[in-house]
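A.B. asks: All chains should be modelled from the sequences, with the hints used to inform the complete structure.
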Amino acid sequence: MLLPRYPTSLLFQITLVSLGLVLSLPTPTQAQTSTAFDLSVSPPVTYLVLEPGQTASYPLVIAHEGTISLTITPKVRSFRADERGMGIQLEEEVVFPYLDPAQPNPFAEPFVLQPGEKKTFSVPILVPTDSSTNEAHLTLLFEGSAVTPPVLGLSQADLTGAVGTNLILMVKTSEADQAQLLIKKYQGPHLIDSFSPITFQLLAKNIGPIAGIATGSASITTGSNKELANFVFFPDSVLADSSRHLRTLPADQTLADETLEPTFTFSYKSPFLLGIYKVQVVLASSTQTSPSVGNFQVIALPFSLFFLIAIGAFLYIGYKVFSTKLALAKRLRTY
Amino acid sequence: MRPPIALSHLTKISLAVPLFIGLFFASTLVTKTLRSASLTSVSVTSSNPRPSFRGALAAGNTVGSSIVTINTTQGAYPSSSSAQLVEGDILRIGNAGTLGSFTVASTSSNAVFNITTGLGAGQADIGDDVISSISAGLTVRFTTANAIANGRFRVLVPSVAVGVGNDGIPDGGFYDFGTVTPTVTCPADVGATYDFVASVATASTTTINGTLYHSYECAYSGVGAVGTAFDGTSQGAITVSSVINPAPKANHTLGTADSHNIIIQQLSSVFAVQDTTTVAVAVIEAVKVTAAVPPQITFQIIGLPTGTSACGVSTNVTTTPTSVPFGEISISAFTNAAQAMSVSTNASGGFVVTAIENDQLGRNGGACVGDPTVASNPNCIPDALGNGGAMTHTASAEWTNAGITNGKGFGYSLHDLNNTTTEAFAFTTATGNCTGTFCARQFADAENAQTPVTIFSDTTVADNENLYVCYRIVAATTTAAGNYENFVTYNATATF
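Protein sequences, first through last, are from chains A and B. Residues 1 to 335 in my numbering are what the first sequence spells out, letter by letter. Residues 1 to 496 in my numbering are what the second sequence spells out, letter by letter.
Hints in this document: simulated from the structure, not taken from any laboratory. Some hints could be false.
What follows is a list of derived Cβ distance ranges for each label pair [what the hints assert, rightly or not]:
(1) B:G366 to A:G53: 46 to 52 Å
(2) B:T435 to A:E175: 58 to 64 Å
(3) B:N419 to A:Q253: 17 to 23 Å
Yeah, the Cβ is synthetic: ideal placement off N, Cα and C, and Gly gets one too.
C.D. replies: This is the structure in structure tokens:
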């Protein structure tokens, strides 16, 4: 039977239109080839040490490589380090506490960055002469929002992306103001199986008034003081009155390598460990005269072997009991 | 009467033709025996094409300083630019007898470069030599043109007179022989055709058209052959272990090659040149590629189109980098949207991206007190509580049921598509109150005095670490008709 001419033509047209629509849909890959919002700031972290009465100009470069114009609103927030010292928690918005009043206020007005545009943002700093020793932890945020306002009359969530740079401003009133790093916590098992590695983490605390770079190492020795492993600390900064988990580089990396992947866990693996092992931690900041020393012990015993022996003994005893009972039952049946 | 010796035109022609042909062949024979032919397929390869450095100190250098300033007057010395040097080059600086050895640390301008140690006494005076010898091996390849018995191959390299030409100090425009006689390696024997017997290297011995040449020879016994390829493949090539490359010629232009003619000859048993070919070898400064990478952090937000597969669902809203336009929201089914976010930083401490909303979605942007606001408030789309009512801005919960009271509202999930980063949780998280279909959280609510929460982070340098943020919304049946809006802020900051 021949199909009517009209439906065939309609089907063909629908197929063509559908195919066209499908092909015209943007794919995720296409959508990502041009990024509308692409904001960067340099440098990401700055450490400044100033004395009361000193001035400095703190330069930042903010660049927009996206495809839409952005209104950039600079803001200053204080931050505090989290317990691990790695994450930062932004706190309340603050007025920049060390802004030089004699210079134009760079935070006063938002500015527009066109696609591909770069702006040098200079923060004039003045530490008042009556300042005491302290450390300010500030994040300078550059919030970017579309210059074109969102269309009203729609239910929507409007988004603002911000990129931030951290400023750690240390005010020193004397040379005695130095970081003082201590070993706050040793985290790791003190009793391990002989087939397990010795693993631990170290939390450092800075009780000094300004930040310091962690230096030193943790070593693992046998009871007879034979060194098995030595972990040099990654030079992380520990802020004043803050804690930070110490890190070390894997054995196959040095600070000169291009890609560094420091780890929080210090680990030593041997085929078999037995007895008492000593972990000695020597920690100081780069300017600290007397280091903080901690000694910890790890005892390795073959618990897994004990367990296997116990299981074996249990099975043997069970077997003997079972076979005795079986023999007794056979004897009874004979009688 | 005709003269007796007169010849007819025909006779003249008949005599001239054989005479011409005879002379032609005779001339061909004479040419073959007297004129040198050319060796073919000739090439000379240098293992290091950089020129040597031969310059001098300018005024202003001081003992103990690792910053060296050289004389940049064009033509005063063969080398007049530090651009010719690269990091790691070994330099000798000073006068004869006080020459010290230094290593180039970096170059900072045309006149200035840095060395890894300070200049010593007698090594910082104006006019003191600044020398860097670039040694190179030469590989000479060719194919013979004639069979020459018991001859020799000779490689001639332009030089200056003995004394200067073999003192190990680079010469402007000429090769230096070096203080130690280099090794000439001849090809392996080719049966009885070429039986190499000796190699000889001599400094500045041969003069051709007023130019002196160092000579490197390979003598052989045997009959020789036409077309033997000493190309390093069919037969071995001739190699010279070390020559000192020329310093730049007078009026050398930086970045332009200086050309030097090297001559390859085949000599007879009585040292007569039989075949000869000249090739040019170029010597040019290394291309110095420099770039500065400042420490930085980059944050990208990318809108995604409708139909994107994110967090296990297909989105039904096209987002932009600065808005999630839900449009008309259903009261019975979820509306899903997504954005991609990416962070790159070379800060060794890594980065943190946090998120916070200014408030829950309020009608025309109105305030929504509490978090979540009371369910009876018709003018807010609250932060959702998830299937079991346990979802907060810090606690994840499964959120797949749009038809219950706790399921109504707004929230988000995360999808680390290519496992590049460390996210706070994922839509597939299957622990606690999540079963792994759409594990979600509320946004932290600034109106309710909540602090921003981390959504993804890393503790070391990051190269395009990215994920999808998946937005989900469904309105309650009691929600008043209207437009609802809030603001979500993402902060990307480096860790100190």
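A.B. asks: Take the hints in turn and mark each one as holding or not.
C.D. replies: Hint-by-hint comparison with the structure:
Our hint of 46 to 52 Å for G366 (chain B) and G53 (chain A) holds, since their Cβ atoms are close to 50 Å apart. Distance hint for T435 (chain B) and E175 (chain A): a CB-CB separation of about 60 Å, consistent with the stated range 58 to 64 Å. Checked against the hint of 17 to 23 Å, the C-beta distance between N419 (chain B) and Q253 (chain A) comes to roughly 22 Å, which is consistent with it.
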